[in-house]
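Residue numbers (the numbering used here), protein chains in the order written: chain H, 3 to 133; chain Y, 10 to 167.
Don't read these hints as lab results, they were simulated from the structure.
All C-beta atoms, glycine included, are put in the ideal place defined by N, C-alpha and C.
Take the hints with a grain of salt, since some may be wrong.
[To be verified] According to the in silico footprint, chain Y covers these stretches of chain H (three or more CB under 8 Å from chain Y):
hint, stretch
1, 3-10
2, 15-25
3, 34-45
4, 124-130
[Said to hold, decoys possible] For the chain Y half of the interface with chain H, some residues (derived, Cβ under 7 Å), not all of them:
hint, residue
5, 41
6, 43
7, 44
8, 71
9, 73
10, 109
11, 163
12, 164
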Amino acid sequence: MYHFWLVLHLFSAAALFASLVASGALVSGASMSPGALTASTALMRAGLVGVLVFGIALAIDADGYELYDGWILIALGLWFAAGYLGDTLFTAFKEAGGEGASVRSGVSALYWINVAVIVLLLADMVWKPWA
Amino acid sequence: MGLALLTALLRPDDWKLPLFVHVLGALTLVGALAVSAIALIGAWRSNSGALTRVGFMTIFYGAIPGWIVMRGGAQWIQHKEGLDNDNIDLSWLNIGFTMADLGFVLLIVLTVIGSLMVRRIRRDGSPSPIPTRVATALVSLLLVGYLVAVWAMAAKPA
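Please take these sequences and the hints and turn them into a complete structure.
Below you can see the structure in the form of structure tokens.
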């Protein structure tokens, strides 16, 4: 089952990265239709839920890891931060009607913090500190 | 002290840094292709110039840099793991490299179509429907192909 969970975990991570690309396009001033914005928001939510659920399944399935390991607790903290930032970003994009040029000031900074959080999440998965 | 700690954490002689680079590039590539597919499918249905631009710009600014990082990381980790030997024939590795290299040709074709389309949108205000549909089909094909490559890399079939 390990490889099955890993594939689903990676697909979910790709969905999360897709939401980063979509929010990057909007922060750069692109325009999106309501349908495309809804699809990007759905990718963000599916990605977040998927990385958590399949990540926990992986940690339970793999030998040598416990759910209270340092790297898993760090990942959970980063996951909450990514969820909060992603939700805030897509709410701002929705309020702007999918017009990247109309998003309120400060959203760009939130976007870059979200990028840093998700890249750190990936680094945590690879290096597994305090495993 | 700080540099020593950073060096210890990154362990540049280890396989983790190339793996991080490879996965970061691959996720950016697949993520950008997914956004491009969503935007181009939307453009197909609405003939929207803005969505067509998003579809092609995400390929240029997201998928191509992602491909370069992914491919560089793949070569690096292949060397680190000693898999760059002519005697080694692993199907998951072959699927990965074949998909990566064929995909790059399609990415270049899409960039050419994209630059022509963006020029047309600037001139006429709307995209041409046929190239948008061709690009939608190519991006969807690439996305499926790279998802198969992700599966092959993770599941490592014999």
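Outcome of the hint check:
A count of 4 residues in the stretch 3-10 of chain H with a Cβ less than 8 Å from any Cβ of chain Y is obtained; the coverage claim is therefore met, three being the minimum. Counting residues of the stretch 15-25 of chain H whose CB lies closer than 8 Å to any CB of chain Y gives 10, which reaches the minimum of 3, so the coverage claim holds. By the rule of at least three residues with a Cβ nearer than 8 Å to a Cβ of chain Y, the coverage given for the stretch 34-45 of chain H holds, with 7 such residues. Coverage of the stretch 124-130 of chain H by chain Y holds in this model, with 4 residues showing a Cβ closer than 8 Å to a Cβ of that chain against a need of three.
At about 5 Å, the closest approach between the beta carbon of residue 41 of chain Y and any beta carbon in chain H falls short of 7 Å, and the interface hint on this residue holds. Contact between residue 43 of chain Y and chain H, as hinted, is supported at the beta carbon level, the nearest pair being about 4 Å apart and thus within 7 Å. Annotation: interface hint on residue 44 of chain Y holds; nearest CB of chain H at approximately 5 Å, less than 7 Å. The interface hint given for residue 71 of chain Y holds, since its Cβ lies 5 Å from the closest Cβ of chain H, which is under the 7 Å cut-off.
Restraint check, residue 73 of chain Y versus chain H: the minimum CB separation of about 12 Å is more than 7 Å; hint violated. Nearest Cβ of chain H to the Cβ of residue 109 of chain Y: about 15 Å, over the 7 Å cut. The hint is violated. Among the interface hints, the one on residue 163 of chain Y holds; its C-beta lies about 5 Å from the nearest C-beta in chain H, closer than the 7 Å criterion. Taken as an interface hint, residue 164 of chain Y checks out: its beta carbon lies about 4 Å from the nearest beta carbon of chain H, inside 7 Å.
When the structure is compared with the earlier hints, violations turn up for hints 9 and 10 and for no others.
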